[in-house]
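Undergrad: Each chain, letter by letter, is given below.
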Amino acid sequence: MIKTRKPMIELRRLHRFFGKTKAVNDISFEVYAGQAFGYIGPNGAGKTTSMRILATLDLPSAGDALLDGFSVINDPDRVRKRLGFMPDYFGTYSNVNCWEYLDFYARAYGLRGNERRKALNYTMDFTGVDVMKNKPIAGLSKGMKQRLCLGRAMIHDPAVLILDEPAAGLDPRARIELREMIRRLAADGKTFLISSHILTELAEMCDVVGIIEQGELLASGTVAEIQKSQVDHSQIRVRVLCNTDKLMQWLNENEKPETLIADGELLTFSHDGDRHSEAALLKKMVEAKFEIAEFAAQHTSLEDVFLNVTKGRVQ
Amino acid sequence: MSAIDSVEEINVSATEPEASSSSDFWKKTDVFLENCSEYLNPILVKETRQALKSKQFVITFSLVLIAAWGWSMLGIAMYSPGIAYSPAGASLLHIYLDILLFPLVLIIPFSAFRSLASEQEDGTYELLSISTLKPEQIIRGKLGSAILQSMVYFSALAPCIGFTYLLRGIDIITISILLLIVFLLTCILSVTGLLLATVTRSKQWQSVLSVVVVLLFAFCYFFTVWMSLFMNTIDTSWQAYDQEEFWFILAAIISAYVSYFLLIFYAATAQITFASENRSSKLRAVMLVQHFLILGWMFYIWVYSNFDAPALMFAAGMLTVHWAIMGALMNGEQSTLSPRVRRSIPDTLVGRISLNWFLPGPARGYFYAISGIIGGGLSVVLIQLCAELAGLDHWYGIEQMFWFTFTMSAYAIIYLGMGRLIMMALRKYFFADVFLSFLIHILLIMIGSFAPLILHLSIPSISNYDYSLIEMPNPFWSITEFFGRGSLSYNYQFIVLQFFLITGTAFMLLLQIVVSAKDLVPEKVAVPSRVLEEDALLMPVEEPVSDDPWDQE
Ligand SMILES: Nc1ncnc2c1ncn2[C@@H]1O[C@H](COP(=O)(O)OP(=O)(O)OP(=O)(O)O)[C@@H](O)[C@H]1O
Ligand SMILES: [Mg+2]
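Protein chains in written order, with the working numbering: chain Z, 1 to 315; chain P, 1 to 553.
Note that these hints are calculated values from the structure, not bench results. Beta carbons: idealized from backbone N, C-alpha and C, even for Gly. One or more hints might be untrue.
Said to hold, decoys possible - In silico DSS-like pairs for lysine-lysine, Cα to Cα no more than 30 Å straight-line:
hint : chain 1 : residue 1 : chain 2 : residue 2
1    : Z       : Lys284    : Z       : Lys256
2    : P       : Lys53     : Z       : Lys135
3    : P       : Lys53     : P       : Lys203
4    : Z       : Lys133    : P       : Lys524
5    : P       : Lys27     : Z       : Lys81
6    : Z       : Lys133    : P       : Lys55
7    : P       : Lys28     : P       : Lys55
8    : P       : Lys55     : P       : Lys27
9    : Z       : Lys22     : P       : Lys203
Said to hold, decoys possible - From chain Z, some residues computed to sit far from chain P (all C-beta separations above 12 Å):
hint : residue
10   : Gly19
11   : Thr21
12   : Met132
13   : Ala168
14   : Ala219
15   : Trp250
16   : Asp263
17   : Glu265
18   : Phe295
Using the sequences plus the hints, can you model the full thing?
TA: Right, here's the structure in full:
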């Protein structure tokens, strides 16, 4: 699949206000075909709101969102053909089993005859719903529901899938399986917008992430990029076999770290710079004849990045 | 589509043996039905599947069967010795109808209401709305499932009804007409149930609404049962099938029915249609058709009753009420015209002039409604004028007719104008919809009518039962006061009232033109290039196939 540089999803200065609450406040970003965009933010950040606008369920107060070049405001019908949406709730019908449920949505998307049967079989096989085909949907567990939801969202083979917290409430195995499914679909050229609260979880599934809080996009880019932009220093831990005091002195003279803590043989100090400068530092220490038994650089974790970027403000 | 194509082999092997090895009759029927269902509305298919598993359907169906069976036994026992000679058919039939009315007037319309309301509560409606199903298909599917259910009940009672025909006292036309009426009633009540389900999306209002709707349909049920008992007592009048009036009235009722059915149907559709879509034009077209239907029936009655003026006055009155209600609803439409709708504005001047009034929005809605009122009034006055010039017998002068229609139009113009201004103000603060607009207009006319009355009653110096100029804001009393007596006297009250009405109307019209001038004739916007691009792709353009190898990629 050739990745043309035409955005599949494009938010243009999107705003959505509920009274005084600015649920979405001037968000713009683009997601290209075959990309998975992770949408991360704390509770009430405006993820669901912006996803609902993209899914043509709500209208923006200002701005526009385009899906494959079509405006969600003015061409919702064309957007819907290309879009699979998995909301953060599960819509149940009484007296309907899994197969009938999917069959209904396949019909609702205008699939007829063999085309429908094929799409149904493929989807049920793909999401693993086929083993519970005849189960009434009212009694499904969370994991089964998520599978069925994904199946419903992809039944008409849409080019864009918008998943609102697909991994919420899943056990580790189910989460890995979900990740696999998303990877396979993305490899197939589908574009994803996936929301979550957990950056590590998204980092596994997405190429690009955007961090949003209080309706504003605070940072976006690949996980590594964001990490880099946020990380100003790493913590280096050194175990030196003798002359701890000497090393401390040497470090204070040569490196001038902001913090430096000694604990027996262990020295922990802060260090500015990337991995190359860490390697250079190690080399210098060895050349200065220190007996280094352990050298470890601790970078800021994704959780830290997330906490760093978002300020925990509530509106 | 590549992912789906790759499983083609699996599917072929999965579906083929089922179809080919099924020599069994039922399996074939199943496949046949399945194939038929391809062309049916998806909602109809789903709801039928659900209904077959639902307890409510089984219980109601059994109850109806038991009641019909019980009544058959009882009826035969009651009329037993001479049942073949006494006219027992009619009485039996009416009770069967009453039994049938229970599911058809109460259960089915209420389930239609619930089926849409519960989709909105459970969030499945949202999932449905973002599918490629059109809102009209959704309403049609729900309605179709209501009709299908009614068919099941009809066929369950068909043997009983056939039995009444074999007895004396009832003929086939009466039976057919009664069944038709019951069927039409189910359809219109079901579509009303669907419309009511769209009134609110908030949970607590939905539960209030459910109670109101149950009461409404229960009332309809008791009313129809009462009607059927009443009909039973005047049964002989039903034999008038050879008279012209009967068929005229039937035609009038059916045309009214069809137009109102469509109005409710399109209103329900509009309610669940995406906001940027044109939700108004179809409704406005139906309103116009109703306008001409009302004129048509009343003209017929007028001719039929030897050019009796009250028929014309009645026509003008009905038209005013019709357009006042529609205007109150149209005032509640959203005022901005979406680019999607503005794309569809015709290019030609003639097209724009004729279609402009059908475009959504309160500015055009207001003027559309008052044009309807004025147009209706003018037609009535013109008819009267022609009758007068032709020297036809009449006891109501052209002058009265003019003042009568003018007074009504003036009240409608002023009240609708005020309603629109209130809606404009409200819309600045919150999202105000069509139903709120309707309520506000009702409130407005009630205040206009009752406030002066209270004032009037609280002033001891003026007589309580006579019209006074304080009552000017009350259109009902003012109109009956001056036109209810058959002759018009130009007393000072009348002159003052007309003075106020003329200035009020002129002022209101001017004001409305000023506030809506820029909205009245919207500009067309270009279709986005992406849309044109896709349309070009989807259009089966016959391109010349070149066999030049260098031409191919
Ligand atoms: N229909 C609504 N009416 C009023 N306010 C709303 C509505 N929907 C969302 N909001 C507000 O908009 C803000 C953003 O909500 P949203 O549901 O988009 O957050 P979210 O990022 O999805 O949060 P979560 O992680 O909890 O799902 C919140 O402050 C919320 O209260
Ligand atoms: Mg959310």
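Undergrad: Holds or violated: Lys53 (chain P) and Lys135 (chain Z), Cα atoms, limit 30 Å.
TA: The hint holds at about 14 Å.
Undergrad: Beyond 12 Å from chain P, beta-carbon-wise, is Phe295 (chain Z)?
TA: holds (48 Å)
Undergrad: The output says Ala219 (chain Z) does not contact chain P. Does that hold with a beta carbon cutoff of 12 Å?
TA: Fine: 30 Å to the nearest Cβ keeps Ala219 (chain Z) off the interface.
Undergrad: Given the hint that Lys55 (chain P) pairs with Lys27 (chain P), test it: the Cα-Cα distance must not exceed 30 Å.
TA: Holds, at roughly 26 Å.
Undergrad: Please confirm whether Trp250 (chain Z) is truly not at the interface, meaning its C-beta sits more than 12 Å away from all C-beta atoms of chain P.
TA: Holds: least Cβ distance 60 Å, greater than 12 Å.
Undergrad: Does Lys55 (chain P) sit within 30 Å of Lys133 (chain Z), going by the straight-line distance between their CA atoms?
TA: Holds, at roughly 22 Å.
Undergrad: Holds or violated: are the alpha carbons of Lys28 (chain P) and Lys55 (chain P) at most 30 Å from each other?
TA: holds (28 Å)
Undergrad: Are all beta-carbon distances from Met132 (chain Z) to chain P longer than 12 Å?
TA: holds (17 Å)
Undergrad: Below or equal to 30 Å on CA atoms is what counts here, so check Lys27 (chain P) against Lys81 (chain Z).
TA: violated (34 Å)
Undergrad: When you check the alpha-carbon spacing of Lys53 (chain P) and Lys203 (chain P), does it fall within 30 Å?
TA: Roughly 27 Å between the alpha carbons, so the hint for Lys53 (chain P) and Lys203 (chain P) holds.
Undergrad: Hint check: Lys22 (chain Z) vs Lys203 (chain P), CA-CA at most 30 Å. Holds or violated?
TA: With a Cα-Cα distance of about 24 Å, the restraint between Lys22 (chain Z) and Lys203 (chain P) holds, given a limit of 30 Å.
Undergrad: Please verify whether Lys133 (chain Z) and Lys524 (chain P) have alpha carbons no more than 30 Å apart.
TA: With a Cα-Cα distance of about 51 Å, the restraint between Lys133 (chain Z) and Lys524 (chain P) is violated, given a limit of 30 Å.
When each numbered hint is compared with the structure, violations occur for hints 4, 5 and 10.
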